[in-house]
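Generate the whole structure from the sequences, applying the supplied hints.
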Amino acid sequence: MAEDKRLMKGNEAIAEAAIRAGCTAYFGYPITPQNELTAYMAKHMLDHKRTFIQAESEVAAINMVYGAAAAGARSMTSSSSPGMSLKQEGISYCCGADLPCVLVNVARSGPGLGGISPGQADYFQSTRGGGHGDYFHLVLAPKSVQEAAELTYEAFDLADKWRMPVMILADGLIGQMMEGVNLPAQRDLATLPKKPWAAGGQAKDHRPINHVTSINLVPAELEASVKARFKRYDEIKAQEVRYEEVNVDKAELVLVGYGTGARVALGALEMAKKLGIEVGLLRPVTLWPFPEKRVAELAAKGKKFLAVEMSMGQMVEDVKLAAAGKAEVHFYGRCGGMIPTEEEVLAEIRRLLKK
Amino acid sequence: MELIYGHPKSLKPIQTKYCPGCGHGVIHRLICEVIDELGVQERSIITNPVGCSIWADLYFDFDSVQPPHGRTPAAATGVKRVHPDHLVICYQGDGDLAAIGTAEIIHAANRGEKFTTIFVNNAIYGMTGGQMAPTTLIGQKATTAPYGRDADEAGMGYPIQVCEMLATLGGTKYLARGSVNNAANVRKTKQYIKKAFEAQLRGEGFTMVEILSPCPTNWGMQPCEGQEWLEANMIPFYKLGEIKNALGGAEGGK
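Protein sequence lines, in the order shown, are assigned to chains V and B. Each residue of the first sequence is one higher than the one before, starting from 21 at the first, in the numbering used here. Each residue of the second sequence is one higher than the one before, starting from 354 at the first, in the numbering used here.
Hints are computed from structural coordinates only; laboratory data are not their basis. The C-beta atom is built at its ideal place from N, Cα and C for all residues, glycine as well. Treat each hint with caution, since some may be false.
[As the list claims (entries may be wrong)] Straight line, CA to CA, 30 Å or less: simulated DSSO-like cross-link-like pairs of lysine-lysine: (1) Lys247/V x Lys370/B; (2) Lys494/B x Lys224/V; (3) Lys548/B x Lys597/B; (4) Lys215/V x Lys365/B; (5) Lys214/V x Lys362/B; (6) Lys313/V x Lys346/V.
[Unchecked claim] Computed Cβ-Cβ distance ranges for the label pairs, DEER-style: (7) Pro239/V x Ile367/B: 19 to 25 Å; (8) Gly287/V x Asp438/B: 18 to 24 Å; (9) Ile235/V x Ala537/B: 35 to 41 Å; (10) Gly356/V x Asp505/B: 44 to 50 Å; (11) Gln544/B x Leu66/V: 35 to 41 Å; (12) Ile235/V x Asp505/B: 34 to 40 Å; (13) Leu133/V x Glu578/B: 50 to 56 Å; (14) Phe590/B x Leu237/V: 33 to 39 Å; (15) Tyr500/B x Leu66/V: 49 to 55 Å; (16) Asp389/B x Glu255/V: 30 to 36 Å; (17) Leu66/V x Glu390/B: 33 to 39 Å; (18) His360/B x Ala240/V: 30 to 36 Å.
In structure tokens, the structure reads:
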């Protein structure tokens, strides 16, 4: 197939990839810095004769996703940090009802209204099950416009495979910047996975009725269903962990960063190399499940870690948990919409290595 | 022999958990009778509320979706957009619809979403044990209004007439208010439900039937007293009838 390469904003590439993945129902609400995504969907979903609704709130949007996903559609919503907080109730219900859907957070800085500049301070909320109850869902963190498109496309497959929401955790920089992107092929909707558990279409095969729900007032039954879900989480941890490594073998110090933070860390790594200082980079692509085994292996080999984030230090806690006291774990971050510079990270590397 | 009366096919033949004198059981039955008459059991989907009728999925013999409290119209929007040829019923109580879910019902109605809301108004929170609802009448007692609803001094606000409020919105095509306090009103309510379901299946806009329904347990009454209280207190304020009929063709109002 001929290459389909375009120059696009991250927000637009995510939207186009979702359409190509077979998203037939999108629900959004305006918020900066993800507005291009909603605007792109408004035009192109309607052009494809699919469902687009500008909802009355983020709360309504996630519940429209809940309904559409319960009815068997590939469904998506997108927002940015304050809006994602509002969606947490609905995300908990999606997880409790085992509904596949895709959630995009083009994160900004907080807390509260915060600012509209890029941030990575939603890591805890995204990776810990940000709403009420015991649950997790997949979280994928793209570092580029190309990867944002690829991960969004794949997120729909992962959501269907594991029957859970999959979150794309980008940030305002990934959403706003333009890069070349090779777009994936348009999915034929007829080939998408069948959903025999979904509501609707009973007349086709006269199956028993389906209830899509998260409620169970019998404690022993509810415990059993939560435990079954956690067994599935173990399978996901075994099968879906993804990360990228650069120069880890030669390095005494391994930088750990995701998304925009990883781009900065990579720049610092290259600057260090020019000075004859070998550092490595571990870039988690899945934030949940986190590549904890790999961190533990590297910790056992005596590597030190420096987490680089656009926050006051959130992912660094996962690095510490995985290192389990067997390695030094350091942190460098900026917040409030400030992005660490390569020079700042290099200075931190030199300070830690005394080089 | 011709069967002239029986249990509706789309209503499961089991005993409900509802209290004596509660209106939900009658309303469930009316919905199912209409579904059977329209022959759409296998293409009906109900979105359940949070409240006593959260049990609805035990009783209705067709697919169901259970969203969070108040978000039912948003979820029903998602369901109906995916299955436009299905009968989608958004079942809501007064706390669900007129308090926590006010934004969702107004905007679903205003978009003219082509599902039918069955709005059960019993002027009280049932499942949580008798708290004041947005539709609680002035002077009516509740656990959170122990001296009665006082709009002015205590600042508890006024009972909301939902049909009248939604009637101003362009997307609403049929808004009727019935009651299940006596046989005549039960029959009229069934006609409203049928008209609303038929309009939905024809693809007309938003339709809703509000149904005044007794909650003797939380009103602190015997079942028969509940029926009398509803008639004497709720019906004078919540007027019965078709509040708005903007349907096309022969079904249209004047």
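Against the structure, the hints come out as follows:
1. For the hint pairing Lys247/V with Lys370/B, the CA-to-CA distance comes to about 28 Å; that is within 30 Å, so the pair holds.
2. Using a Cα cut-off of 30 Å, the hinted pair Lys494/B and Lys224/V is violated, with the two alpha carbons roughly 50 Å apart.
3. Restraint check: the Cα-Cα separation between Lys548/B and Lys597/B comes to about 12 Å, which is no more than 30 Å; the hinted pair holds.
4. As the CA atoms of Lys215/V and Lys365/B are separated by approximately 25 Å, the hinted pair is consistent with the 30 Å bound.
5. Using a Cα cut-off of 30 Å, the hinted pair Lys214/V and Lys362/B holds, with the two alpha carbons roughly 28 Å apart.
6. Under the criterion of a C-alpha separation no larger than 30 Å, the hint pairing Lys313/V with Lys346/V is consistent with the structure, at around 13 Å.
7. At about 23 Å, the CB distance of Pro239/V to Ile367/B agrees with the hint of 19 to 25 Å.
8. Taking 18 to 24 Å as the suggested C-beta distance range, the pair Gly287/V and Asp438/B does not conform, at roughly 55 Å.
9. Separated by about 36 Å at the C-beta atoms, Ile235/V and Ala537/B satisfy the suggested range of 35 to 41 Å.
10. Our hint of 44 to 50 Å for Gly356/V and Asp505/B holds, since their Cβ atoms are close to 46 Å apart.
11. A C-beta distance of roughly 37 Å is found between Gln544/B and Leu66/V, which places it inside the suggested range of 35 to 41 Å.
12. Look at Ile235/V against Asp505/B: about 39 Å separates their beta carbons, and that is inside 34 to 40 Å.
13. Against the hinted window of 50 to 56 Å, the Cβ-Cβ separation of Leu133/V and Glu578/B comes to about 52 Å, which satisfies the hint.
14. The hinted window of 33 to 39 Å between Phe590/B and Leu237/V holds, with their beta carbons roughly 35 Å apart.
15. With their beta carbons about 54 Å apart, Tyr500/B and Leu66/V fall inside the hinted range of 49 to 55 Å.
16. Separation of Asp389/B from Glu255/V is about 44 Å and departs from the stated range, judged on CB atoms against 30 to 36 Å.
17. Take Leu66/V and Glu390/B: their Cβ atoms lie about 36 Å apart, and the range 33 to 39 Å holds.
18. Checked against the hint of 30 to 36 Å, the C-beta distance between His360/B and Ala240/V comes to roughly 32 Å, which is consistent with it.
The structure shown violates the earlier hints numbered 2, 8 and 16.
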